[in-house]
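Heads up: the sequence shown at position 84 corresponds to 84 in the numbering used here, and the numbers run straight through without jumps.
Because the hints were derived from the structure by calculation, they are not lab data. Careful: at least some of the hints might be erroneous.
[Unchecked claim] Simulated crosslink set (DSS-like; lysine-lysine; CA at most 27 angstroms straight-line):
id	residue 1	residue 2
1	K80	K70
2	K193	K175
3	K197	K153
4	K124	K80
5	K124	K97
6	K153	K124
7	K70	K175
8	K97	K80
9	K80	K197
10	K70	K97
11	K197	K175
12	K197	K124
13	K153	K70
14	K124	K175
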Amino acid sequence: MDVVQAFVLLLKLFYCGHPTPPGSCNDSVCLSSYGRLWDYRYTSGWGSIWMVEPTEIRTERLLLRPFRLKDVDDVYAYAKEAEFSRFLPLPSPYQYKHAETYVAASFLTAWNVQPRFAISFDGKVIGGINIRIDHASQTAELGYGIASAHWGKGFTVEAAAAVINWSFLNFDIAKVSARADILNRQSWRVMEKLGMKREGILRSQEPPNPVTPDERVDMVHYGILREEWERQTGR
């Protein structure tokens, strides 16, 4: 039921831009666009929705699980914070419909290409973490974000370590990488605590953001090899 609801919601967002309130758009018009969205999904490389079964990962303090429609309120609550979006390419101002789009899109993301986990603590979603799998190069790229109210508690490292470990166990990949704005030292520390090594800086790699609105952004890149991870974790 969640997948069906999310698909209809995404159709409305994709073609109409106003999924709420109910009846604010012509459902028949939205649903008639199904074929176009289906073609878009495949020609854009989204792949099959169900090729890899969405899963849950439990850590000492967290539950990493697929997003649910009811998570929209939690996502909106943390994603609208200025501190959360400081180094992230999020819409500004961040509106409720953006949280709806994000959660709905997670249902249509192929788990064999980009698993997306909600980070849940004490029954509340406090962030998200994903890993993009490039099967051709046998590499993966990690991305994460957590509510500023939970910074400094080690949650990001705990979630990221679990996802990296799960990815090496479930995919034929040789390396996991991550990157961050060169000014985002907090993210550097996360990557370093994961055992990643700094591999270089790509200059003017990203468009301007709220921190540097008048200039392009340099990105620092980190990575860890499978054998390094296995040695580090004793596997």
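Fill in: Hint consistency between K80 and K70 [alpha-carbon to alpha-carbon, up to 27 angstroms]
Given pair K80, K70 holds - Cα atoms ~17 angstroms apart, limit 27 angstroms.
Item to complete: Starting from K197, check that the Cα of K124 is at most 27 angstroms away, please.
Response: violated (32 angstroms)
Discussion item. Please verify whether K124 and K175 have alpha carbons no more than 27 angstroms apart.
Written reply: This hinted pair is violated, its Cα atoms lying about 31 angstroms apart.
Discussion item. Checking one constraint from the list: CA of K153 to CA of K124, max 27 angstroms. Satisfied?
Written reply: Satisfied, since the Cα-Cα distance of roughly 16 angstroms is no more than 27 angstroms.
Worksheet entry | Distance restraint between K124 and K80, which requires alpha-carbon spacing of 27 angstroms or less | holds (16 angstroms)
Worksheet item: When you check the alpha-carbon spacing of K70 and K97, does it fall within 27 angstroms?
Response: Roughly 14 angstroms separates the two Cα atoms, so the pair holds.
Worksheet item: CA of K97 to CA of K80, is that 27 angstroms or under?
Response: Status holds; Cα separation ~11 angstroms.
Worksheet item: Going straight from one Cα to the other, do K197 and K153 come out at no more than 27 angstroms?
Response: holds (22 angstroms)
Fill in: K70 paired with K175 [C-alpha distance capped at 27 angstroms]
violated (34 angstroms)
Worksheet entry | Straight-line alpha-carbon gap K193 to K175, limit 27 angstroms | holds (16 angstroms)
Fill in: 27 angstroms Cα cutoff - pair K80, K197
The hint is violated at about 31 angstroms.
Worksheet item: If you draw a straight line from the CA of K153 to the CA of K70, is it 27 angstroms or shorter?
Response: It holds: about 25 angstroms lies between the C-alpha atoms, which stays within 27 angstroms.
Hint violations for this structure: numbers 7, 9, 12 and 14, all remaining hints satisfied.
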